[in-house]
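**Student:** The lines below spell out each chain.
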Amino acid sequence: MTFTIPIENGDSVKNAEADSQRTLYPYVTGTSIVAIKYKDGVLMASDMGGSYGSTLRYKNIERMKAIGKHSLLGASGEISDFQEILRYLDELVLNDSMWDDGNSLGPKEVHNYLTRVMYNRRNKFNPLWNTLVLGGVKNGETYLGMVSMIGVSFEDNHVATGFGNHLARPILRDEWHADLSFEDGVKLLEKCMRVLLYRDRSAINKLQIAKITEEGVTVSQPYSLKTFWEFKAFNNPTAGAEGSW
Amino acid sequence: MFRNQYDTDVTTWSPTGRLFQVEYAMEAVKQGSAAIGLRSRSHVVLASVNKAQSELSSHQRKIFKVDDHIGVAIAGLTADGRVLSRYMRSESINHSFTYESPLPVGRLVVRLADKAQVCTQRSWKRPYGVGLLVGGLDESGAHLYYNCPSGNYFEYQAFAIGSRSQAAKTYLERRFESFNESSREDLIKDAILAIRETLQGETLKSSLCTVSVLGVDEPFHFLDQESIQKVIDTFEKVPEEEEDGGDGEAEAEAASAAPAEQGGAGDQDVAPMEM
Numbered sequence: 001m002t003f004t005i006p007i008e009n010g011d012s013v014k015n016a017e018a019d020s021q022r023t024l025y026p027y028v029t030g031t032s033i034v035a036i037k038y039k040d041g042v043l044m045a046s047d048m049g050g051s052y053g054s055t056l057r058y059k060n061i062e063r064m065k066a067i068g069k070h071s072l073l074g075a076s077g078e079i080s081d082f083q084e085i086l087r088y089l090d091e092l093v094l095n096d097s098m099w100d101d102g103n104s105l106g107p108k109e110v111h112n113y114l115t116r117v118m119y120n121r122r123n124k125f126n127p128l129w130n131t132l133v134l135g136g137v138k139n140g141e142t143y144l145g146m147v148s149m150i151g152v153s154f155e156d157n158h159v160a161t162g163f164g165n166h167l168a169r170p171i172l173r174d175e176w177h178a179d180l181s182f183e184d185g186v187k188l189l190e191k192c193m194r195v196l197l198y199r200d201r202s203a204i205n206k207l208q209i210a211k212i213t214e215e216g217v218t219v220s221q222p223y224s225l226k227t228f229w230e231f232k233a234f235n236n237p238t239a240g241a242e243g244s245w
Numbered sequence: 001m002f003r004n005q006y007d008t009d010v011t012t013w014s015p016t017g018r019l020f021q022v023e024y025a026m027e028a029v030k031q032g033s034a035a036i037g038l039r040s041r042s043h044v045v046l047a048s049v050n051k052a053q054s055e056l057s058s059h060q061r062k063i064f065k066v067d068d069h070i071g072v073a074i075a076g077l078t079a080d081g082r083v084l085s086r087y088m089r090s091e092s093i094n095h096s097f098t099y100e101s102p103l104p105v106g107r108l109v110v111r112l113a114d115k116a117q118v119c120t121q122r123s124w125k126r127p128y129g130v131g132l133l134v135g136g137l138d139e140s141g142a143h144l145y146y147n148c149p150s151g152n153y154f155e156y157q158a159f160a161i162g163s164r165s166q167a168a169k170t171y172l173e174r175r176f177e178s179f180n181e182s183s184r185e186d187l188i189k190d191a192i193l194a195i196r197e198t199l200q201g202e203t204l205k206s207s208l209c210t211v212s213v214l215g216v217d218e219p220f221h222f223l224d225q226e227s228i229q230k231v232i233d234t235f236e237k238v239p240e241e242e243e244d245g246g247d248g249e250a251e252a253e254a255a256s257a258a259p260a261e262q263g264g265a266g267d268q269d270v271a272p273m274e275m
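As you go down the protein sequences, you meet chains G and E in turn.
All letters in the first sequence, in the order written, are residues 1 to 245 by full-length UniProt numbering.
All letters in the second sequence, in the order written, are residues 1 to 275 by full-length UniProt numbering.
Since the hints were derived computationally from the structure, they do not count as laboratory data.
Hints are supplied without guarantee of correctness; some may be wrong.
Lysine to aspartate or glutamate pairs mimicking DMTMM-like chemistry, simulated, CA-CA at most 25 Å apart [as the list claims (entries may be wrong)]:
1. E:LYS115 with G:ASP101
2. G:LYS138 with E:GLU27
3. G:LYS138 with E:ASP7
Just so you have them, the derived chain G footprint on chain E, three or more residues with Cβ under 8 Å [to be verified]:
4. 94-108
5. 221-227
The beta carbon of each residue, even a glycine, is placed where N, CA and C say it ideally should be.
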């Protein structure tokens, strides 16, 4: 079964007009996703912001969605491309369930399908401008993987996108361990999200945590983290810099 | 079956609602040498009789590996069988590439059946003249399917196709209820015994049959001559009692089955293209 991804006049190699339809830059973007494996499955955290350049324009964007029965997809990067990917996956899951034969797509299959899609788009110089995190549980096996917009794909016990790679993963490398309880997992994710909130300009203080286990997906209601700004250094930040304000 | 005015074209119905060309294609399957499949909860065994054109040539390959978890045994026009095996391998590997996961057998079998159906509804095509026993493993366990030139497919606990397959089927009918719980070794033994039934008293030697196995934690592979001979030795050691009883039954059944099968072929020998 082939899944065609139709773009009108899409062949930019042969058609000059199609060139103007290639993705050159992202416009409305989501920031980091952080995800970890824990005892019962996968926990994933993201904020609900959609930035328009440096403006925090949209504050109610769900960047994590359930895929089929066994997977959870989180995305950072261009929101419209994420929505497009959700459409492809919708079709994939629909066709899979139409077989009605006791087989179903697991997280590994979805991850690899996405890898193929992302890599193929990259080869046509028309990428889907996202970094995707795919987590899931099937038949007792927990799976967590990532695909970038250029098709780089891998699995790990904890993954993060964007700024999360630089700010969250060091924390996870130190503090993640196998068989985290749900409470410990959430605490760990919140620790990472708090750092991101302080340091990532595109982060907003409205986040969701999603969990996926053998039973299925639950995405929490949005909530905010407590922050602390009374550090002495914040009180008079320019004390040492003459002439600044 | 006799010639009639509705059997020239595959796209012509008979007044009684039959497509004779499709039925003739199914006759071709009966002309090929026997192929047998059986499955347990965790394993599938496919076996075939090695038939050679002449003493000078090697025997035709009738069992093909489609993937680590799927094998197929054919009977009928081997050329058609080879082409369909190639199609199956292609579908399987494309699925593996996209999803890094084995193609569920049930889905492969449906695609194969749909492909065969197309040939029953085009005036410029003919049906594939080969029956396929597809054995494989997927999430829901071990499966054995039979794909027909008509585009139908059925799932079986055990089945035999090709010439003198009725003898094998009778043997399998007696035993099939225990197959689900059979051990791998017992399953192989039953497959070889079923093959023996189709040989009509010819002594069973490992050179006369090909046996393949696949199972949970065991990718598809052929058994070597030695292993097959070892299994044969375990039951050929009781020649007098077993063979008389067994062969007597087999012969009687085969004798009654043979005229029915050969009636279709009529006065022709097996065509050289069919094995």
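**Student:** Now tell me if each hint is right for this structure.
**Tutor:** Status of the hints after comparison with the structure:
1. E:LYS115 with G:ASP101: holds, 19 Å
2. G:LYS138 with E:GLU27: Cα-Cα ~45 Å, so violated.
3. G:LYS138 with E:ASP7: Since the Cα atoms of G:LYS138 and E:ASP7 sit roughly 52 Å apart, the hinted pair is violated (cutoff 25 Å).
4. 94-108: holds (count 8)
5. 221-227: Since 0 is below three, the answer is violated.
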